[in-house]
Amino acid sequence: MKYAIRTCLLALMMMLSFSVEARAEKLVKVDATAYTNPNNNLTYSGNPTVEGVTLGGKKEWIGERVILFYSDEDGSLGELYGCMEFQDTGNGRASRKYPGKTDIETGETIDIYMEDYDDCIEWGRQEMYVLFLDEVEMI
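Quick note on numbering that gives the first Met the number 0: the sequence shown kicks off at 0 and runs consecutively.
Heads up, none of these hints are tricks.
Below, in silico cross-link-like pairs of lysine-lysine (BS3-like), each with a Cα-Cα straight-line distance of 30 angstroms or less:
1) K58 with K25
2) K58 with K96
3) K58 with K100
4) K100 with K25
5) K28 with K96
6) K28 with K100
7) K58 with K28
8) K96 with K25
None of these hints come from the bench; they were simulated from the model.
Hey, can you work out the whole structure from these sequences and the hints?
As structure tokens, then:
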């Protein structure tokens with residue numbers, strides 16, 4: 000947990016020293032769903048799920064730390080959601096772009112871990128932007 004907090008603080012400090020809009024080409028627009036873990040299963044990476052830290056996505060992204068942003072109603076970059084780490088994969092639904100694969104396998108959708116089932120239902124499916132921390136360069 001200390002690692003996640005340290006990562007988030009570092010990311011927020013970085014946010015103060017660079018313009019996200021200047022790095023818009025590094026942003027990935029995705030759908031975001033939410034999931035819960037009532038059986039306390041370990042994530043794909045072997046870690047326990049932690050709200051505000053655990054993120055599910057394509058296997059190639061496991062271990063990647065990211066900054067998430069909401070998408071505004073017009074589709075533009077919105078407010079900061081938070082800093083998270085891809086620690087899990089997910090089932091997803093059939094990809095519209097890639098037959099035979101799920102939208103999580105292809106990176107079209109990410110899955111945000113939440114402790115409460117009702118919070119997951121309330122979240123639904125939202126458009127978000129993902130900025131991978133290894134893509135961030137200081138300006």
